[in-house]
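Model the full structure from these sequences, guided by the hints.
Sequence order for the protein chains is A and B.
Take -8 as the starting number for the first sequence in this note's numbering and just add one per residue.
Take -8 as the starting number for the second sequence in this note's numbering and just add one per residue.
One or more of the hints may lead you astray.
Since the list gives no way to pick one copy over another, a pair counts as held whenever it fits inside one copy or between any two copies.
Claimed, not checked - In silico SDA-like pairs for lysine to any residue, Cα to Cα no more than 20 Å straight-line:
| no. | residue 1 | residue 2 |
| --- | --- | --- |
| 1 | Lys113 | Gly145 |
| 2 | Lys11 | Ala250 |
| 3 | Lys113 | Glu237 |
| 4 | Lys113 | Pro233 |
| 5 | Lys113 | Ala234 |
| 6 | Lys113 | Val232 |
If you're looking for bench data, these hints aren't it; they were derived computationally from the structure.
Note that the structure is a prediction, hence the values are computed from the model and not measured.
What follows is each chain in one-letter form.
Number of protein chains: 2
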Amino acid sequence: MSQRAIGVFDSGVGGLTVFKEILQQLPGEELIYLGDTARVPYGTKSPATVLRYATEAAEFLVGQQVKMLVVACNTASSVALPELERRFQLPVFGVIEPGARKAVAMTRKGRVGVVGTEGTIKSGAYTRAIHALNPSIEVFTAACPLFVPLAEEGWAEHAIAHLAAAEYLAPLIRQGIDTLVLGCTHYPLLKATLRRVLGDSVVLVDSAEETARMVAGLLWERQLTRAGSAPRPPRFFVTDVPARFERVGGAFLGAPLEAVTQIELD
Amino acid sequence: MSQRAIGVFDSGVGGLTVFKEILQQLPGEELIYLGDTARVPYGTKSPATVLRYATEAAEFLVGQQVKMLVVACNTASSVALPELERRFQLPVFGVIEPGARKAVAMTRKGRVGVVGTEGTIKSGAYTRAIHALNPSIEVFTAACPLFVPLAEEGWAEHAIAHLAAAEYLAPLIRQGIDTLVLGCTHYPLLKATLRRVLGDSVVLVDSAEETARMVAGLLWERQLTRAGSAPRPPRFFVTDVPARFERVGGAFLGAPLEAVTQIELD
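Structure representation (structure tokens):
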């Protein structure tokens, strides 16, 4: 049993899709969210730079006495997880493995697609995670740099998003994938558009749900669940001024954002 | 006369469109470029954060003994120019005033459109600069967040760019603008697409050319031009690893990028 909070971090607002799932599945837990909005995005930056930023973010949350760290950013999970686990004396959880697990469970033909940022796709992290579970699965990947700005612009279901999705997914459709991993926390906002482009036969894997489920499981397993009095409401920290985070983030959390505090990491 | 280099900085690769013009118009000058690629973009960040980043970038270039500072980023020019001028003992030049000047000179109906990042448009810097020259001109603005990722994706002339441009420009077209300021260094790459959406009657103002012209003028005026031996080739500094800058930047410079060095600003 531990009364301490769970710390969740992301490069910006995207991780709120993961945060929302954890909130729903673990209503008795205290949660702290950190969005590195002064340096967002991570998806176009080098592994070395993303590792430096992720380490600074983790240090802040560890300083807040969290009992567990959830890296709710696919790019940071792709390149920083082993180093964060080595460096900090607490459980560190990423979004890659949960997505990979779900994809392996869902595919029938053994042909899995993965979409994500440039950084996530280049890292090969999903392909490695899927092959670690089942080496016979064929993995086809595509970086989709336009999806994040489309989601943040509120154009996730606009004709422009449809055209972009058709362009990015064409090679994966040609490969006959039956499962698609949404390997970036922004992408669940484009689900309806992806569904229209892919048709109903392709399973969409959203890491957020699966990550929350695995976080819940780990808390039980390690006897770290919170008990007793009602938890404090979630707290939010950002590295740029909160205005844009509050405005854009509402769509990701599905609720108004309150109690947002600005901090400095660098 | 001064043998020292001209320092140019931008949040990333975009400022290379300005750098290219300066190179062409001032072949006898030494040039240093700094792209803050570890923290790009500036356009979605708050004025306070952009000011901090711009000050750190300027400090680096001043440390390189430059004789003049060109802020080749519209967002940074919008929010940081007065503070940089106060802080550093050398001429500081932005891209807003040159663009505004050109627009005022070109418009016949006194109806000018300005497109830029969220940060540039929110700052109102172009409207202020245009009104300082001619208060009777009507200015209509639109933030176009998709244009930068479209240009970096190499989709500047793709149907997706056309759709996005039509969406963003519709209100400006309805207002009957006869001149459009491209208020972001990435936007010149979308010229052909903007031309198709706007038709031939609207003048497109590209700050890059005009900025280079004014920089050249100021060098003469203050007797700071370089003389004598051939200048060293241009040098490039970035804050993230150079690979992506080299790859994407070639399209902006119109030539392969060489001599790129990584540095730390924060």
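Here is how each hint holds up against the structure:
1. Only between protomers do Lys113 and Gly145 lie at most 20 Å apart by alpha-carbon distance; the minimum there is 18 Å, versus 27 Å within a single protomer.
2. In this assembly of identical chains, Lys11 and Ala250 lie within 20 Å of each other by CA distance solely inside one copy; the values are 15 Å within and 46 Å between copies.
3. In this assembly of identical chains, the alpha carbons of Lys113 and Glu237 lie at most 20 Å apart only when taken from different copies (17 Å versus 31 Å within one copy).
4. With identical chains, the CA atoms of Lys113 and Pro233 are at most 20 Å apart between copies only, with a shortest distance of 16 Å across copies and 31 Å within one.
5. For the identical chains of this complex, Lys113 and Ala234 are inter-copy neighbours only, at 13 Å across copies versus 32 Å inside a copy, given an alpha-carbon limit of 20 Å.
6. In this homomeric assembly, Lys113 and Val232 come within 20 Å of each other (Cα to Cα) only across copies, at 15 Å, whereas the closest approach inside a single copy is 31 Å.
The structure is consistent with each of the numbered hints, conforming to all of them.
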